[in-house]
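Student: Sequence:
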Amino acid sequence: AVITGGSTGIGKTIAHELCLLGCSVVLASRYNTPPTGTFLVTKYAYEAYLKEHGGAIVNILVAMNKGFPYASHSGASRAAVENLTKSLAYEWASRGIRVNSVTPVPDQVCTSYSAHTPARRLGTVEEVSAATVFLLSPAAAYTTGTNAIVDGGWNLAGALVPLPQHVRYPVYGTSKL
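Going by our numbering, the sequence shown opens with residue 1279, and the numbers climb by one from there.
Hints are computed from structural coordinates only; laboratory data are not their basis. Yeah, the Cβ is synthetic: ideal placement off N, Cα and C, and Gly gets one too. It is possible that some hints are incorrect.
If you anchor each label on the Cβ, the simulated ranges turn out as follows [as the list claims (entries may be wrong)]:
id : residue 1 : residue 2 : range
1  : 1343      : 1304      : 27 to 33 Å
2  : 1345      : 1417      : 30 to 36 Å
3  : 1420      : 1343      : 23 to 29 Å
4  : 1368      : 1416      : 27 to 33 Å
5  : 1330      : 1301      : 17 to 23 Å
6  : 1329      : 1435      : 37 to 43 Å
7  : 1369      : 1314      : 17 to 23 Å
8  : 1305      : 1358      : 20 to 26 Å
9  : 1416      : 1354      : 31 to 37 Å
Pairs of lysine-lysine residues, derived as DSS-like cross-links and limited to a Cα-Cα distance of at most 27 Å, are as follows [claimed, not checked]:
id : residue 1 : residue 2
10 : 1364      : 1329
11 : 1290      : 1321
12 : 1321      : 1364
13 : 1290      : 1364
Kindly produce the complete structure, drawing on both the sequences and the hints.
Tutor: Right under this line is the structure:
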């Protein structure tokens, strides 16, 4: 397994779990790489190993599917990685290569996260790691193109962060002539 962002947090926990299962693990301490870094690592993994042997890829995304105020650049790059995941899953399935993703809640909202989550608690890196290890395992042999959302139902809740009312955004029909 090649794990970017493997020196801390979720990446470190995933690496630890995979090592306990007897997997060979390569760590890269760089973590903020989408979408170009994800594309390049995937491309080279395919050329070096997956093309001949098959295997599984799990990309770690961040839950930004509801939009994320003041981070549109990050949301756009994460959407690109999600699309890459699904496109490669379709292209490579017949070659014995599974491509999936796991989406935990973004770190930026963890302080207010539990109040907006049906589970009413913060998730753990071990819970995200467990979903990732499952998708890499033989138990997920018929699973490809899937995005496992590991967020305690946070994606089902309302707005991420409150935004101030914009004074220059009038409601249609209220302007005076």
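Student: So, for every hint listed, does it hold in this structure?
Tutor: Status of each hint after checking the structure:
One distance hint, 27 to 33 Å for the beta-carbon pair residue 1343 and residue 1304, holds here, with the actual separation near 30 Å. For residue 1345 paired with residue 1417, a C-beta distance near 34 Å keeps the hint of 30 to 36 Å intact. A C-beta distance of roughly 25 Å is found between residue 1420 and residue 1343, which places it inside the suggested range of 23 to 29 Å. Distance hint check: the CB atoms of residue 1368 and residue 1416 are about 21 Å apart, inconsistent with the given range 27 to 33 Å.
Under the hint 17 to 23 Å, the C-beta atoms of residue 1330 and residue 1301, about 18 Å apart, fit the expected range. Checked against the given bound of 37 to 43 Å, the beta carbons of residue 1329 and residue 1435, roughly 41 Å apart, stay inside it. Restraint check, residue 1369 to residue 1314: a C-beta distance of roughly 19 Å satisfies the suggested window 17 to 23 Å. A beta carbon spacing of about 24 Å between residue 1305 and residue 1358 agrees with the range 20 to 26 Å that was offered as a hint.
Separation of residue 1416 from residue 1354 is about 34 Å and conforms to the stated range, judged on CB atoms against 31 to 37 Å. In summary, the hint linking residue 1364 to residue 1329 is supported, as the alpha carbons are separated by about 18 Å, within the 27 Å threshold. With a C-alpha separation of about 23 Å, the suggested pair residue 1290 and residue 1321 falls inside the 27 Å cut-off, and the hint holds. Restraint check for residue 1321 and residue 1364: the C-alpha separation of about 15 Å stays at or below 27 Å, so the hint holds.
For the proposed pair residue 1290 and residue 1364, the alpha carbon gap of about 25 Å is at most 27 Å, so the pair holds.
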